[in-house]
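Trainee: Below, each chain spelled out in residue letters.
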Amino acid sequence: MHPHPHWIDYAIIGIYFAFVLGIGVVLKKYMKTSTDFFLSGRSIPAWITGLAFLSANLGAQEVIGMGASGAKYGIATSHFYWVGAIPAMVFVGLFMMPFYYGSRARSVPEYLKLRFDEKTRGLNAISFAVMTVFSSGVSMYAMGKLLQLLLGWNFNAAIIVSALIVLAYTFLGGLTSAIYNEVLQFFLIVIGFIPLVYLGLKDVGGWDGLKARIGNDAMVHSWKYLGSPNTNPMGVEWFSMLMGLGFVLSFGYWCTDFLVVQRAMAADSMTSARRTPLIAAFPKMLFPFLVILPGMIAGVVSAATMSGNAPTEVRAETGSAIVSRTPANGEISLEGGKGIIPPKVDESGKPLVKEGKVVLDYDLATPMMLVRYFPSGLLGIGLCALMASFMSGMAGNTTAFNSVWTYDIYQSYLNKTASDEHYLWMGRASTVFGLAISVAAAYVARQFNNIMDVLQLVFAFVNAPLFATFLLGMFWKRATGNGAFCGLLSGTAAAAVHHGLTLPAGSTSGVKGGFLGVVVHQYPSEMAQNFWTAIFAWTTCFTVTIIISLLTNPRPDSELKGLVYALTDRPKDEGLSWYQKPSVLAAVVLTVLVVLNWVFW
Amino acid sequence: MGFDIRLPIGMMFSVFGLLVTGYGAATSGDAMYARHSLGININLWWGIAMVIFGAFMLLLARRGALALRSAIVHAADHEHNRPPAK
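Taken in order, these protein sequences are the chains called F and C. Just so we're aligned, residue 1 is where the first sequence starts under the working numbering, counting upward by one. Just so we're aligned, residue 1001 is where the second sequence starts under the working numbering, counting upward by one.
Any given hint could be a false lead.
[What the hints assert, rightly or not] Here's a subset of chain F near chain C, in silico, CB distances under 7 angstroms, partners left out: (1) I15; (2) F17; (3) F19; (4) I23; (5) V26; (6) V183; (7) L199; (8) W207; (9) D346; (10) L378.
Think of the hints as simulated: they come from the structure by calculation, not from any bench. All residues carry an ideal CB built from backbone N, CA and C; glycine is no exception.
Model the full assembly from the supplied sequences, consistent with the hints where possible.
Mentor: The following block contains the structure:
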């Protein structure tokens, strides 16, 4: 089942590339200092940084991954938004942005240096830099594989072309170029996905029709079955959902990840910086409808009407029908799949079977929806939207990497006294080698899938405790550099130990856990294990930071002005209309959030 | 920043919209609509929607440019201590 893009689809993709590059070219003349390049001269209005804040995170992980989760777990996937992202975004806007923006730190690691000490910054900067280039590589690999599978494009060409385009526009226009393109990509993704959801929902008879077709009540309620891990498809109970995902992981990501925080730091004023995540929260709340619904629909519609030589009809309940397929001309076969979600296949092209059931390739749910419902013309727009999501993620990683590399590693440890011109040059150079490492990582991922799994696991260990450090750093003036550093290390160790002693059901020891030889506890699902790993890491970091801080010498208050809540003036929002005030925006966001959780309870 | 992002957004979606609308009109009744989009000529309708969105963005960009220009003129007038030209 290949789509057959016509000249019109290629024309649309070509025009999109032209605009993306054009923005970089036009912006080049504005890039005079390193501040222009890395921080957009702190001159961007809030609505633009807000959409970029959203879009930098709107990588493949979100568009493809949330569709896959939707197909697998149903509407409960919305917890990643309505419990996870949104409350964290409100928190970072209201409470944390005053320190990030007010301290004039140029990056998140630099804030850690100002607040704590050099070693805490170094730890954070290095792990962040390594993580960004590798995760950018993983998403490049995912894109290459997808375009190859879906359109029959060449894997190498897909990776090289997209990397070159991202390189060109971030090299020329720095962060501004990345941010401007993220805004463009945001609109492209929204405009590309609205007709997809419309056609899909219309086909299944609306939300009620979708519920009836899915025929599993646990897939269409977000909270109702969260009382016990055995009653919902995620295998997670409400406490670890709220604590693990809602608190530790989401706050950890949205409040401390420089990739997103950098967008707010580019804002033109403190008020704009605080409004950035709040403005982003409005469209973010509605994203489940755009990215989760297509995945849910993909599992229950048929492909029968699709092509001339119609593939055998696939019924929604054929989860276990195993039919070997002929991988003629490498096309995706739906036989044995569910709805229009194809099965995963082994090297000989046969569907993979585990415990008597076909393993589905959920990552193809959303892409198959595009192919299923878009005729030539709109297909071009849909493919652009898909590529836009990959490219915005890549560009986000690239700009975050070049700042952290240049400011927090190069300027801090390697060359402290160079001219601004030199740092601007270094920013451009690091854009090139950052992307080059990412491309290399993409090929590593292609060769050794396990190495990338291990790396991502390590990153998860490093990230889990971070939010405890920031929380204490910003709201407890007694927290010290030694406390923070020990807290981070012990939190990471706690994550590794917890992961090493537990296993999700149905897995064997290895990357999935249990590598310490003894399995102390078995979780009902991988997700539950991840949430609890995060909870353990956070709690350990929080406790150790407090204990060590109390044992070490505090810094004098005078050094912490503007860095800690108690020693910072409350931001004033004078000169704003009531509806522009961060507090009002936050109240509206939270109200809508409660309503959404209620409606899909 | 002297470069308004609404300008390229407006231009791109106007071009996309015109292209897709035109293609939709030319392929009206084609079997692909029955095959993919439930018999709806989605190219035509969504193309028109994109034209409207693109034009709206261009309008905002133009208003922004005019406002900026008059702000500059006002500032310049102010500097020269003249009454603002109306």
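Trainee: All hints, please: hold or fail.
Mentor: Each hint tested on the structure:
| no. | hint | in the structure |
| --- | --- | --- |
| 1 | I15 | 6 angstroms, holds |
| 2 | F17 | 11 angstroms, violated |
| 3 | F19 | 5 angstroms, holds |
| 4 | I23 | 6 angstroms, holds |
| 5 | V26 | 6 angstroms, holds |
| 6 | V183 | 5 angstroms, holds |
| 7 | L199 | 6 angstroms, holds |
| 8 | W207 | 17 angstroms, violated |
| 9 | D346 | 30 angstroms, violated |
| 10 | L378 | 6 angstroms, holds |
The structure is inconsistent with the numbered hints 2, 8 and 9, although it conforms to all the rest.
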